[in-house]
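J.: Residue numbers (the numbering used here), protein chains in the order written: chain A, 1 to 343; chain B, 1001 to 1324.
Each hint should be verified, as a subset may be incorrect.
Below, a list of computed lysine-lysine pairs in the PhoX-like style, where the Cα atoms sit at most 20 Å apart [said to hold, decoys possible]:
{"no.": "1", "chain 1": "A", "residue 1": "K213", "chain 2": "A", "residue 2": "K249"}
{"no.": "2", "chain 1": "B", "residue 1": "K1299", "chain 2": "B", "residue 2": "K1265"}
{"no.": "3", "chain 1": "B", "residue 1": "K1299", "chain 2": "A", "residue 2": "K207"}
{"no.": "4", "chain 1": "B", "residue 1": "K1151", "chain 2": "B", "residue 2": "K1124"}
{"no.": "5", "chain 1": "B", "residue 1": "K1241", "chain 2": "A", "residue 2": "K249"}
{"no.": "6", "chain 1": "B", "residue 1": "K1241", "chain 2": "B", "residue 2": "K1277"}
{"no.": "7", "chain 1": "B", "residue 1": "K1092", "chain 2": "B", "residue 2": "K1076"}
{"no.": "8", "chain 1": "B", "residue 1": "K1076", "chain 2": "B", "residue 2": "K1134"}
{"no.": "9", "chain 1": "B", "residue 1": "K1265", "chain 2": "A", "residue 2": "K249"}
Some chain B residues flagged as far from chain A (calculated, every beta-carbon gap over 10 Å) [to be verified]:
{"no.": "10", "residue": "Y1028"}
{"no.": "11", "residue": "K1193"}
{"no.": "12", "residue": "K1241"}
{"no.": "13", "residue": "L1255"}
{"no.": "14", "residue": "A1258"}
{"no.": "15", "residue": "I1259"}
{"no.": "16", "residue": "K1265"}
I should point out that these hints are in silico values taken from the structure, not numbers from a laboratory. Beta carbons are placed, not taken as given, at the ideal position from N, Cα and C, and that holds for glycine.
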Amino acid sequence: MAKNDLLSIENLYLSYRIYKGTLKVLNNVNFEVRQGEKVGLVGETGCGKTTTMKAILRILPEQAIITGEKISFKGVDLINAYEEELQYIRRKEIAMIFQDPTSSLNPVFTIEDQLCDVIKFALIGNNRSLKKPNINLKDIAVQALHNASMPDPVRILSNYPFQLSGGMRQRVCIAMALATERNLLIADEPTTNLDVTIQDQVLRLIKRLVEGKNISLILITHSLGIVREYTDRVYIMYAGSMVEMAETKELFENALHPYTLGLFGSVPKLTGEGISQGIPGSLPDYLNPPRGCRFAPRCSKAMEVCQYGVPPFQEIVPRHYVSCFLYVRRQSNERNPCCQKTH
Amino acid sequence: MSEILAVKKLTKYFLIKQPGLFRRKAVYLRAVDNIDFTVEEGETLGLVGESGSGKSTTAYMIVGMYSPTSGEILFKGMDINMLVTKRSLNVKKEIAIVFQDPSVSLNPQHTIRQILALPLAVHKIVPKSQLNDKIEELLKTVELPAIYAFKQPRAIGVGEKQLVAIARAIATNPNLIVLDEPTSALDVSVQAKIINKLLDLQKKLNLSYLFITHDLSLIRNVANRVAIMYLGKIREIASAKEFFENPLHPYTQMLLSAIPVVSEKENAVKQKKSLSKGEIPSPVNLPPGCGFNPRCRYKMDICLREDPIIREVSPGHYVRCHLY
């Protein structure tokens, strides 16, 4: 682990036990975030982006079994942490913004109730034996809403979520997440349900806030365009594993993994040059995932070795990691004789 | 090319509150307000706008799910300004719709064979003895294996469900298909496949599309002409090339500058950053004058007083703005 790592995940495996068998969802996830860095996590629906984030906060359902090597946050091992330690991290260190602001706010409480609850939990925790705090929660709440560019924050406090528009609700969620000091903000598809102009406003707000306070950001999205404009480094995820990681500029100029290339081809472009054929097939069944590379059944460049070997997540170009046998071959021809038979 | 669909002064108000003891006037939501457009044969007209701008209401009036408050809908010169229950079978056969979310628009208890057989039986497209062959052929057209006829929608992927919905739409050999955000529930890699299939079918079957979406990058690649809606009114109509290279309405400029793009090349054609501000106002309490004035950066005095009319600025390029 490098010195300035805030969060690092190494070889994380996660599965769910269900009636039919075991869903092997996360498969060897490696992920790290440095202090003050904006990291993008891109992947399609069901590839395990949100699950990875939930594993960090340990807010997974009971059936989840983590068999990873390490999730460490500021040197604390989150896999074997006690509940008290996790609570502390949820209170003081990591905040999360969820995808749908409508369902992450409680419809029967006012914004003030919900916002003050969060601030109270962050400042003094759940301990009921403590006396009433000597702080004015409402002031902090107003300030938080003000920071989130909410017009007329005092009036908003007495509103219920249904009285606000989608963009305003998401601003409330952002205010909630950043009302107190944090070190890491996880934004889980914060703008998927919003219109493009509102999306623009919300993302600029998030960027301004995290840069102003030097907070690290994990931005989960399935839009490559968003990642390009708002992050420093990008992970591409497919079927529970990271397939590619590079700095944003490098990735957008020189993508290597066939899946990343497929994604780039599928995105409709403003230049109007038409859309490629997309990626054939669909996500593998997590009950019986492919033995080798999980992308192999959909990959146009699949080789024999891809069917039974799991490609390592290797640095191909400096600071550009790819998990694909196409690039392994160049380096270690002799050690992998199976690769030579193919094509 | 001839017009296949013409919409004239189409308006839909929804009644929200009845007049009563204390309220002299009824309160209406103006979903669609006096819009005109045409769809030519074999072309794709893109209808874009933010949520709440009245795109889907327009689509539902065209297929007859809502009856318009006023205005005309002409299909091949015939007036079809009525609910679908009153339309003749011939008209119903010619207009099909594909909805946004295929998980909801396909009956979960029916097999795909049943789903595809219904329109074929209602419109008597093929005799009963050839029904199975026709269904097989339809599945083949959308590149699904024939075995899928015996599956239920829940057993197949969401992209495949949308393909079934498309197969159902083309079952009656329609001329016009209304596509109401057909890919917004799908991932990009699946979206690419569906869009290519749709463009393929258009060429093969000479279909006209009314393509509704909020994704401007997508509309750049599928539409021949683009109309942009805001608060129930069409603000700008132009050919796709003109619309993206020379947008005139301040709202269009704002939308185009807010799109996140994936390459430098695209950034070059994108509009210069005009910071987006504000949100779409409620269509119940419309701002006076031009509906866009609270968010507009070129706001003038006249915008607060008068609603602009739609003018032809250059051939085929219509704008509703006081600036022009």
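J.: Determine for every hint whether it applies to the structure shown.
T.: So, going through the hints one by one against the coordinates:
At most 20 Å may separate the alpha-carbon atoms for a hinted pair to count; K213 of chain A and K249 of chain A exceed this at roughly 24 Å. A hinted pair counts as satisfied when its Cα atoms are at most 20 Å apart, and K1299 of chain B with K1265 of chain B does not qualify at roughly 32 Å. As the CA atoms of K1299 of chain B and K207 of chain A are separated by approximately 29 Å, the hinted pair breaks the 20 Å bound. For the hint pairing K1151 of chain B with K1124 of chain B, the CA-to-CA distance comes to about 24 Å; that exceeds 20 Å, so the pair is violated.
Proximity of K1241 of chain B to K249 of chain A is assessed by CA-CA distance (about 29 Å); at most 20 Å being required, the pair is judged violated. The straight-line distance between the Cα atoms of K1241 of chain B and K1277 of chain B is roughly 26 Å, outside the 20 Å bound, and the hint therefore fails. Restraint check for K1092 of chain B and K1076 of chain B: satisfied, since their Cα atoms lie roughly 13 Å apart, inside the 20 Å limit. Between the alpha carbons of K1076 of chain B and K1134 of chain B the distance comes to roughly 27 Å, so the proposed pair goes past 20 Å and is violated.
As the CA atoms of K1265 of chain B and K249 of chain A are separated by approximately 14 Å, the hinted pair is consistent with the 20 Å bound. With a cut of 10 Å on Cβ distances, Y1028 of chain B stays outside the contact zone with chain A, its closest approach being about 20 Å. With a closest Cβ-Cβ approach of about 4 Å to chain A, K1193 of chain B is found to fall inside the 10 Å limit, against its non-interface label. Here K1241 of chain B does not stay apart from chain A, with its beta-carbon only about 8 Å from theirs, under the 10 Å limit.
Taking the minimum C-beta to C-beta distance to chain A, about 6 Å, the non-interface status of L1255 of chain B is violated against the 10 Å cut. With 10 Å as the threshold on Cβ separation, the claim that A1258 of chain B sits away from chain A is violated: the shortest Cβ distance comes to roughly 4 Å. Not every CB of chain A is more than 10 Å from the CB of I1259 of chain B (nearest about 6 Å), against its label as outside the interface. Against the 10 Å criterion, K1265 of chain B falls within the reach of chain A, whose nearest CB is about 6 Å from its own CB.
Checked against the numbered hints given earlier, this structure breaks hints 1, 2, 3, 4, 5, 6, 8, 11, 12, 13, 14, 15 and 16; the rest are met.
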